[in-house]
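**Student:** Each chain, letter by letter, is given below.
2 protein chains.
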Amino acid sequence: MIFIDACFRKKTPYTPIWMMRQAGRYLPQYMEVRNSVKDFLALCKDPKLAAEVTLQPVDILDVDAAILFSDILVIPLEMGMDLKFKKGEGPVFENPIRDFKDLEKLYNYPEERLTYVYETIKIVRKKLSKKKALIGFSGSPWTIATYMVEGRGSKTYAAIKKLIYTNPKFMHALLIKLTEAIKAYLIKQIESGVNAVQIFDSWASALEKDKFFEFSWDYMVQIAEFIKDRYPNIPVILFPKGVAGYLDGIYGKFDVFSVDWGTPMDLAKNYLGDRYVLQGNLEPTRLYSKEATKEGVEKIIKIMGAKEGHIFNLGHGMLPDLPVENAKYLVELVHDLTKR
Amino acid sequence: MIFIDACFRKKTPYTPIWMMRQAGRYLPQYMEVRNSVKDFLALCKDPKLAAEVTLQPVDILDVDAAILFSDILVIPLEMGMDLKFKKGEGPVFENPIRDFKDLEKLYNYPEERLTYVYETIKIVRKKLSKKKALIGFSGSPWTIATYMVEGRGSKTYAAIKKLIYTNPKFMHALLIKLTEAIKAYLIKQIESGVNAVQIFDSWASALEKDKFFEFSWDYMVQIAEFIKDRYPNIPVILFPKGVAGYLDGIYGKFDVFSVDWGTPMDLAKNYLGDRYVLQGNLEPTRLYSKEATKEGVEKIIKIMGAKEGHIFNLGHGMLPDLPVENAKYLVELVHDLTKR
Chain X
1 MIFIDACFRK KTPYTPIWMM RQAGRYLPQY MEVRNSVKDF LALCKDPKLA AEVTLQPVDI
61 LDVDAAILFS DILVIPLEMG MDLKFKKGEG PVFENPIRDF KDLEKLYNYP EERLTYVYET
121 IKIVRKKLSK KKALIGFSGS PWTIATYMVE GRGSKTYAAI KKLIYTNPKF MHALLIKLTE
181 AIKAYLIKQI ESGVNAVQIF DSWASALEKD KFFEFSWDYM VQIAEFIKDR YPNIPVILFP
241 KGVAGYLDGI YGKFDVFSVD WGTPMDLAKN YLGDRYVLQG NLEPTRLYSK EATKEGVEKI
301 IKIMGAKEGH IFNLGHGMLP DLPVENAKYL VELVHDLTKR
Chain C
1001 MIFIDACFRK KTPYTPIWMM RQAGRYLPQY MEVRNSVKDF LALCKDPKLA AEVTLQPVDI
1061 LDVDAAILFS DILVIPLEMG MDLKFKKGEG PVFENPIRDF KDLEKLYNYP EERLTYVYET
1121 IKIVRKKLSK KKALIGFSGS PWTIATYMVE GRGSKTYAAI KKLIYTNPKF MHALLIKLTE
1181 AIKAYLIKQI ESGVNAVQIF DSWASALEKD KFFEFSWDYM VQIAEFIKDR YPNIPVILFP
1241 KGVAGYLDGI YGKFDVFSVD WGTPMDLAKN YLGDRYVLQG NLEPTRLYSK EATKEGVEKI
1301 IKIMGAKEGH IFNLGHGMLP DLPVENAKYL VELVHDLTKR
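Chains as they are written, first to last, in the working numbering: chain X, 1 to 340; chain C, 1001 to 1340.
Quick caveat, the hints were computed from the structure, so don't treat them as lab data.
Treat the hints with care, since some could be wrong.
[Unchecked claim] Partial list, derived from the structure: chain X residues whose beta carbon lies under 7 Å from chain C:
#1 G24
#2 A158
#3 A159
#4 K161
#5 K162
#6 T166
#7 N167
#8 K169
#9 E208
#10 Y231
#11 N233
#12 W261
#13 T285
#14 S289
#15 A292
[What the hints assert, rightly or not] Across the chosen pairs, the derived CB separations fall in these ranges:
#16 C:E1225 / X:E295: 26 to 32 Å
#17 C:M1031 / X:I176: 35 to 41 Å
#18 X:N95 / C:K1087: 58 to 64 Å
#19 C:S1036 / X:D321: 39 to 45 Å
#20 X:A173 / C:E1298: 52 to 58 Å
#21 X:G317 / C:M1031: 35 to 41 Å
#22 C:E1032 / X:Y116: 53 to 59 Å
#23 C:G1090 / X:K86: 41 to 47 Å
#24 X:D321 / C:P1320: 30 to 36 Å
#25 C:M1031 / X:K86: 25 to 31 Å
#26 X:P28 / C:G1309: 54 to 60 Å
#27 C:N1108 / X:A173: 56 to 62 Å
#28 C:D1336 / X:E298: 24 to 30 Å
#29 C:P1320 / X:R25: 30 to 36 Å
[What the hints assert, rightly or not] A few chain X positions that, by computed beta-carbon distances, are all more than 10 Å from chain C:
#30 M1
#31 M31
#32 K101
#33 L103
#34 Y107
#35 Y165
#36 E180
#37 E191
#38 G245
#39 L267
#40 A306
Note that CB positions come from ideal geometry on N, CA and C, so glycine has one too.
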């Protein structure tokens, strides 16, 4: 698989590409499936339909990898938290976790209840071309914890940051619980057939530098090392979003560092390019325009070269109103421009 | 004034401190005034009350500078846009600006209608101790434009970024209009009595590097240079939030670079400390705890030294539920630890 070879810096015929949130609302075919079920969670929990939308972007765009269709919040859901997706507001937990008493109420071993995810993986892997990789994923402990503690979207993360500074013991207990669950969850994804895993730390940038390394990065690295020790042939991709100012502190045993669009690719290359394969980082809104797409792609390829050490991706997820046609154009362009 | 001397890197008896959003909801005295009027805008438009809340933090906390109480959106308001502050949602423009036709409808010279701001400044400057500085301010063209184009709070800034990539001519026209208004507005603030000005680019981080310099930073620098050419004794402070990855590109004639908490102070010092005085950058949520406050202050002072070249501040605005007691403690601590 070209994508897996690229994760290990092996020779590939071109730079592979996939797109974060490539299975999503910008695809009419996705909307059709999505509208056939009650809500977003119902789609995550239906292996047949989840497999179908996982496969769509591979068929439509010819990306080099599929990414499991699911949500980072299935872990707290299967820990027994009451998760609702409210229109215009996103995910909401009516009873957030704020202290040890709340924490004790959570179920252990959520990974054992996530059977619908493993079922989805098995269906996808059976139907997907052997040349294409299937990427499994999880949220990072910190990012999942922000939702569990804040209860709903927050601009300031005041509730969880108050805990960071006033009750770090509790915060570490919550993060350890999540870390253990994520380790087991990703191992089960691997044993069900995924070829690589990515950990999304979408709210990394909510933490100042020292606290990012203490409350987020260190746990991500623990998970990565746990996986690498057991499955050295499975690439581990880490994606801490918005940490351009913290790159000098990045450490750990993993394969691919995923670069968000707010981190200039040359900066990431200088700090991390020797140690890790870099993934990224086109500004997704460039896809509103073919010219802007081309300009962005050429700039990134100029920095990374049409050679090993780079996987093309967006610097953040696809938006619902981006034109499918431009996404197709992006895939073709990257394949064309990086042919060796 | 110690604060003004510090902006010009002159010798001062200690490192001065003020706090972004120091006149705000965490102060019971502010809430009393706020509750006596219909809404937030009514407070901005009442010079006597706006002056009162501007002065409160100087009296209560003994900070070294007052900052004018107002809002960055008074400019689009006085360009004729219908501004509402909706509960739980923040500011909303029901009719956002999306094309040249919308742009033509805006009034010119909003600065001439902002008389209530200049009135506030005159009252404050009359009542404020001669040892304390009064800081005037404006939003940056880009940050004000995001509100005018998006119409309401956005996580993705998809509407304005779509314009950046598909209709840059229109975006530049809007930004030029705002730049001209802000130049005139800040000059009028200075002529009314402010001793320094700060330009807040709160949404700098919504732009990838090249686009940040083209659509935001360049206009901020144009404004700064316009002011410095006319009033060389008025310090100009620029605050682009969330640009830790772009520091190598910072240029221009201004005095103080304000560092947000996501940009490590040692990184900012390495890139910019020789050219600009640095302001910042305590993580505001550290103020939930005295211990965390002390730890954060000591770390910053260790990097910047108890010497010229640094103005202490938070790395972002005060939050409504932070304890006043800890804010007082912070001011005393900074003054104590930096005595020369």
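**Student:** So, for every hint listed, does it hold in this structure?
**Tutor:** We went through each hint and held it up to the structure:
Evaluation of the X:G24 hint against chain C yields a violated restraint, the C-beta minimum of about 13 Å exceeding 7 Å. About 6 Å separates the beta-carbon of X:A158 from the nearest beta-carbon of chain C, less than 7 Å, and the hint is met. Given hint, X:A159 at the interface with chain C, is violated; its Cβ is 10 Å from that chain's nearest Cβ, farther than 7 Å. About 4 Å separates the beta-carbon of X:K161 from the nearest beta-carbon of chain C, less than 7 Å, and the hint is met.
At a threshold of 7 Å, the smallest CB-CB gap from X:K162 to chain C is about 5 Å, leaving the interface hint in force. Contact between X:T166 and chain C, as hinted, is supported at the beta carbon level, the nearest pair being about 5 Å apart and thus within 7 Å. For X:N167, the interface hint is violated, since its Cβ never comes within 7 Å of a Cβ in chain C; the closest pair sits about 9 Å apart. About 13 Å separates the beta-carbon of X:K169 from the nearest beta-carbon of chain C, more than 7 Å, and the hint is not met.
Here the hint on X:E208 is kept, as its CB sits about 5 Å from the closest CB of chain C, short of 7 Å. Among the interface hints, the one on X:Y231 is violated; its C-beta lies about 32 Å from the nearest C-beta in chain C, farther than the 7 Å criterion. For X:N233, the shortest C-beta to C-beta distance to chain C is roughly 33 Å, which exceeds 7 Å, and the interface hint is violated. Given the 7 Å rule on beta carbons, the hint for X:W261 holds: about 5 Å separates it from the nearest Cβ of chain C.
The beta carbon of X:T285 comes within 4 Å of a beta carbon in chain C, closer than 7 Å, and the hint placing it at the interface holds. For the restraint placing X:S289 at the interface with chain C, the shortest Cβ-Cβ distance is roughly 5 Å, inside the 7 Å limit, so the hint holds. At a threshold of 7 Å, the smallest CB-CB gap from X:A292 to chain C is about 4 Å, leaving the interface hint in force. Between C:E1225 and X:E295, the C-beta spacing of about 29 Å keeps the proposed range 26 to 32 Å intact.
Our hint of 35 to 41 Å for C:M1031 and X:I176 holds, since their Cβ atoms are close to 39 Å apart. For the pair X:N95 and C:K1087, the beta carbons lie near 23 Å from each other, so the given range of 58 to 64 Å is not met. Against the hinted window of 39 to 45 Å, the Cβ-Cβ separation of C:S1036 and X:D321 comes to about 44 Å, which satisfies the hint. For X:A173 paired with C:E1298, a C-beta distance near 27 Å fails the hint of 52 to 58 Å.
About 39 Å separates the C-beta atoms of X:G317 and C:M1031, a value consistent with the hinted range of 35 to 41 Å. The hint said 53 to 59 Å for the Cβ distance between C:E1032 and X:Y116, and at roughly 54 Å that hint holds. In this structure, C:G1090 and X:K86 break the distance hint of 41 to 47 Å, their C-beta atoms being roughly 18 Å apart. One distance hint, 30 to 36 Å for the beta-carbon pair X:D321 and C:P1320, holds here, with the actual separation near 34 Å.
Under the hint 25 to 31 Å, the C-beta atoms of C:M1031 and X:K86, about 30 Å apart, fit the expected range. Between X:P28 and C:G1309 the beta carbon distance is about 57 Å. The supplied range of 54 to 60 Å therefore holds. Range check, C:N1108 to X:A173: about 59 Å between beta-carbon atoms, so the 56 to 62 Å window is met. Between C:D1336 and X:E298 the beta carbon distance is about 54 Å. The supplied range of 24 to 30 Å is therefore violated.
Distance hint check for C:P1320 and X:R25: the Cβ-Cβ separation is about 35 Å, which falls inside the suggested range of 30 to 36 Å. Here X:M1 stays apart from chain C, with its beta-carbon at least about 30 Å from theirs, past the 10 Å limit. Once the 10 Å rule is applied to beta carbons, X:M31 is consistent with being away from chain C; the minimum gap is 18 Å. Listed as outside the interface, X:K101 is consistent with that label: its C-beta sits roughly 20 Å from the nearest C-beta of chain C, beyond the 10 Å cut-off.
In this structure X:L103 is separated from chain C by more than 10 Å, as the shortest Cβ-Cβ distance comes to about 20 Å. Remark: the non-interface label on X:Y107 is consistent with the geometry, its nearest Cβ contact in chain C lying 30 Å away (cut-off 10 Å). A beta-carbon of chain C is positioned within 10 Å of the beta-carbon of X:Y165; the least distance is around 4 Å. Every beta carbon of chain C lies more than 10 Å from that of X:E180, the smallest distance being close to 27 Å; the non-interface claim holds.
No beta-carbon of chain C is positioned within 10 Å of the beta-carbon of X:E191; the least distance is around 35 Å. A cut-off of 10 Å between C-beta atoms contradicts the statement that X:G245 is not in contact with chain C; the least separation is 3 Å. At roughly 6 Å from the closest C-beta of chain C, the C-beta of X:L267 falls inside 10 Å, breaking its exclusion from the interface. The non-interface label for X:A306 is consistent with chain C: the shortest C-beta to C-beta separation is roughly 21 Å, beyond 10 Å.
Hints 1, 3, 7, 8, 10, 11, 18, 20, 23, 28, 35, 38, 39, counting from the list given before, are not met by this structure.
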